[in-house]
Amino acid sequence: MIAAYLVLLIPLVGIVYFALAGHKTDTGKLNVWFNGICLLATIWLAINVLNQGTIISSGKAFLIDPFNVYLIVLTAFVGFTTSIFSSPYMEHEKEIGKLSDKRLKLYYSMFQGFMLAMYLVLTSNNMGIMWVAMEGATLATVLLVSLYRTPESIEAAWKYFILCGVGIAQALFGTILLYYAAVQIGDGENALLWSVLYENADKLNPEILEIAFVFLLIGYGTKIGLVPLHNWLPDAHSEGPTPMSAVLSGLLLNDALYAVVRNKMLVDGATQSNMAGYLMMGFGLLSFLVAAVLLHRQKDIKRLFSYSSIEHMGLMTFAFGIGGPLATFAALLHMTVHSLTKSAIFVTVGHAAQLAGTQRMDQIRGLIKTQPKIGWGLLIGTISIAGFPPFGVFTSEFLVLLATMHSYPWLAPLLLLGIGIAFAGLFRHIQPMVYGDKPEAQKPIKANLWPVTIHLALVLWLGLAIPGFLAHWFSQATLLISGSTPL
Amino acid sequence: MNIEQLDFYTQAILSMAALVGLTSFLMLGQGRLLRLIFVFAMQGFLLTLTTALAAYSLNNHHLYISAVLTLVLKVVFIPWMLRRQVIQMNMHRDIEALKNNTAVMLGGASLMVFSYYVLHPIVQSSSVVMLNALAVSLSVMLLGMLLMISHRQAIAHVVGFMSIENGLFFAAIVATNGMPMVVELGVAFDVLVAAVLFGIFFLHIRTSIDSLDVDLLNKLHEVDK
Numbered sequence: 001m002i003a004a005y006l007v008l009l010i011p012l013v014g015i016v017y018f019a020l021a022g023h024k025t026d027t028g029k030l031n032v033w034f035n036g037i038c039l040l041a042t043i044w045l046a047i048n049v050l051n052q053g054t055i056i057s058s059g060k061a062f063l064i065d066p067f068n069v070y071l072i073v074l075t076a077f078v079g080f081t082t083s084i085f086s087s088p089y090m091e092h093e094k095e096i097g098k099l100s101d102k103r104l105k106l107y108y109s110m111f112q113g114f115m116l117a118m119y120l121v122l123t124s125n126n127m128g129i130m131w132v133a134m135e136g137a138t139l140a141t142v143l144l145v146s147l148y149r150t151p152e153s154i155e156a157a158w159k160y161f162i163l164c165g166v167g168i169a170q171a172l173f174g175t176i177l178l179y180y181a182a183v184q185i186g187d188g189e190n191a192l193l194w195s196v197l198y199e200n201a202d203k204l205n206p207e208i209l210e211i212a213f214v215f216l217l218i219g220y221g222t223k224i225g226l227v228p229l230h231n232w233l234p235d236a237h238s239e240g241p242t243p244m245s246a247v248l249s250g251l252l253l254n255d256a257l258y259a260v261v262r263n264k265m266l267v268d269g270a271t272q273s274n275m276a277g278y279l280m281m282g283f284g285l286l287s288f289l290v291a292a293v294l295l296h297r298q299k300d301i302k303r304l305f306s307y308s309s310i311e312h313m314g315l316m317t318f319a320f321g322i323g324g325p326l327a328t329f330a331a332l333l334h335m336t337v338h339s340l341t342k343s344a345i346f347v348t349v350g351h352a353a354q355l356a357g358t359q360r361m362d363q364i365r366g367l368i369k370t371q372p373k374i375g376w377g378l379l380i381g382t383i384s385i386a387g388f389p390p391f392g393v394f395t396s397e398f399l400v401l402l403a404t405m406h407s408y409p410w411l412a413p414l415l416l417l418g419i420g421i422a423f424a425g426l427f428r429h430i431q432p433m434v435y436g437d438k439p440e441a442q443k444p445i446k447a448n449l450w451p452v453t454i455h456l457a458l459v460l461w462l463g464l465a466i467p468g469f470l471a472h473w474f475s476q477a478t479l480l481i482s483g484s485t486p487l
Numbered sequence: 488m489n490i491e492q493l494d495f496y497t498q499a500i501l502s503m504a505a506l507v508g509l510t511s512f513l514m515l516g517q518g519r520l521l522r523l524i525f526v527f528a529m530q531g532f533l534l535t536l537t538t539a540l541a542a543y544s545l546n547n548h549h550l551y552i553s554a555v556l557t558l559v560l561k562v563v564f565i566p567w568m569l570r571r572q573v574i575q576m577n578m579h580r581d582i583e584a585l586k587n588n589t590a591v592m593l594g595g596a597s598l599m600v601f602s603y604y605v606l607h608p609i610v611q612s613s614s615v616v617m618l619n620a621l622a623v624s625l626s627v628m629l630l631g632m633l634l635m636i637s638h639r640q641a642i643a644h645v646v647g648f649m650s651i652e653n654g655l656f657f658a659a660i661v662a663t664n665g666m667p668m669v670v671e672l673g674v675a676f677d678v679l680v681a682a683v684l685f686g687i688f689f690l691h692i693r694t695s696i697d698s699l700d701v702d703l704l705n706k707l708h709e710v711d712k
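If you're matching them up, the sequences are chains A and B in order. Numbering-wise, the first sequence is residues 1 to 487 according to the working numbering. Numbering-wise, the second sequence is residues 488 to 712 according to the working numbering.
Okay, chain A solo, but in the shape it has when bound:
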């Protein structure tokens, strides 16, 4: 349990330290250290869970089980590699005069603030605290979206703040209804604890839980970026600094989906029907298809990949909605590979945009000729996210498709269509950017592509062979969520 406290304590120290110490030349490196130590703590925590099974802290405030522990490690890992990328990236932004020391101080402090909120969402056993942390993640990142203080970025941040704030308020109403159902069967102070709710799920009033789930799905769904609540997402991703886009896409969306799935487990237990699943399938499929079509009409490279995030989150929501061991396993795998690939892509996109001096895709040209590392990174990342074999995204999408054909065969053509449209949408934009002649004045920049290489190598590895301990882990989580194992 000490490991879990450590995971929460390190970013807390980080917030205070960066806020007090101000920005110095080595702040970026220190941020890497903070995230690195946190990653070690999460691995320690994961080993504990692997040996002992589910851990509940003495005050029952925290719960670590196979489902959230792998997301905790993933969060720490993406946070760590993004901080490696962010250090030289933010220095470059400072050199070209886009940011001052004061803004960078805010950036590093809130980076840790965001990480803390993410860990708290994942580790909390209390559904109320989970909500508080989710809202906290919005509050921590909203000033980072407007970090450049351009009119566009302020508009994006305002939209993000209002839409996510109003959206997440629905989730609080859902949580209150959940609590209302829970106090009818048990004691007050402990009634919102997930472990208590889960044990008594069959006693909870199904009518109230059905209403509650609608609010919870709309609320957390706003954060997942489900259509039609997705409006804030492309704006916030495209206007904020790129490291922020990487963690928003890679982590925040996952954690919101995690919150929905936790609630779905309770609702399924109470209603004994698949009502929650149908809702998730509907919203998921709609988001998947709409985002795939909208990919074609983008002009900004970061917006392009934000729509790709909406598309993949839709697919995961759909897969969790199908339920069943195979679909759940596929969704968990997809969460992992999507996080890794998407954050890698945002890192390369950040470098590509710095190289070309713009985010407009019609002005980014000849990346391979100017700086092969960035060009190839972007190309391989896109191949991976579009679902080509042998990358991990292919495996998980294939499994989702298999599960769909098994349970709802008439939906499989729609999925295939969506994957096809998205593939075309990505490649019609990426091709001219990576190939083609370079503009005259374009010169290579200082870029650190280690995070990209590591992420894509991991995704490749997951696509070729899922290592035994990870497969075991996914099966444990699948067992917890869907009640049986796929293997």
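Since the hints were derived computationally from the structure, they do not count as laboratory data. None of the values given here were measured: they were computed from a predicted structure. Positions of the beta carbon are idealized from the N, C-alpha and C atoms, including for glycine. Possibly wrong hints are sitting among the right ones.
[As the list claims (entries may be wrong)] Here are some chain A residues pointing at chain B (derived, C-beta under 10 Å):
{"no.": "1", "residue": "Asn-126"}
{"no.": "2", "residue": "Tyr-180"}
{"no.": "3", "residue": "Ala-181"}
{"no.": "4", "residue": "Ala-182"}
{"no.": "5", "residue": "Ala-191"}
Based on these hints, arrange chain B on the given structure of chain A.
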């Protein structure tokens, strides 16, 4: 249900619910910002009263802390901050011409009916009083959203946002006698931080577009034109 047969506490809760609902409608039709903020503070005060009443009748001490938090945040701090902004921006004499005011009010009324409809299934497991309280809370939330849609000033948006929080808070107090203390403190902390962030945002929006009219924030589109 005969209202005279209920105990004093339940009767008081029902009247509070009616009053809170009324303040939401008052805000919806209000074009002057200072009055809007005043009505918002009134709503906060009604919430404080409800909380204190619940704390007293149920002999639940932690609800007194919530009452004090509500009083400080929703009645004093946030209205004070918004009022200062309005006066600094010299907007206190402007009247915002609300488009389709009649339609908005009718829409508000239908939202209230809708809230009753949505929450009706819970009557089976609890009292009609609870249905009233929860339906009013839900409609306060929905009316808050409608307020944000129908007004163009960023300040009105913040009032709508905070009034949504009020609706949630009312539900938590009346239906469940308050959430567990940690959660309530957490939510209050979030509201406080949000209020401070809104203050910072007003400054940024003003320096960026020289106005607080959010209709002018229109540079980003779903697809490029």
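Verification of the supplied hints:
The closest approach between the C-beta of Asn-126 of chain A and any C-beta of chain B is roughly 7 Å, which is under the 10 Å cut-off, so the hint is satisfied. About 5 Å separates the beta-carbon of Tyr-180 of chain A from the nearest beta-carbon of chain B, less than 10 Å, and the hint is met. Contact between Ala-181 of chain A and chain B, as hinted, is supported at the beta carbon level, the nearest pair being about 8 Å apart and thus within 10 Å. A cut of 10 Å between beta carbons decides the hint on Ala-182 of chain A: the least distance to chain B is about 9 Å, and the hint holds.
Interface restraint check for Ala-191 of chain A: the shortest CB-CB distance to chain B comes to about 8 Å, inside 10 Å, so the restraint holds.
Violated hints for the displayed structure: none, as all numbered hints are satisfied.
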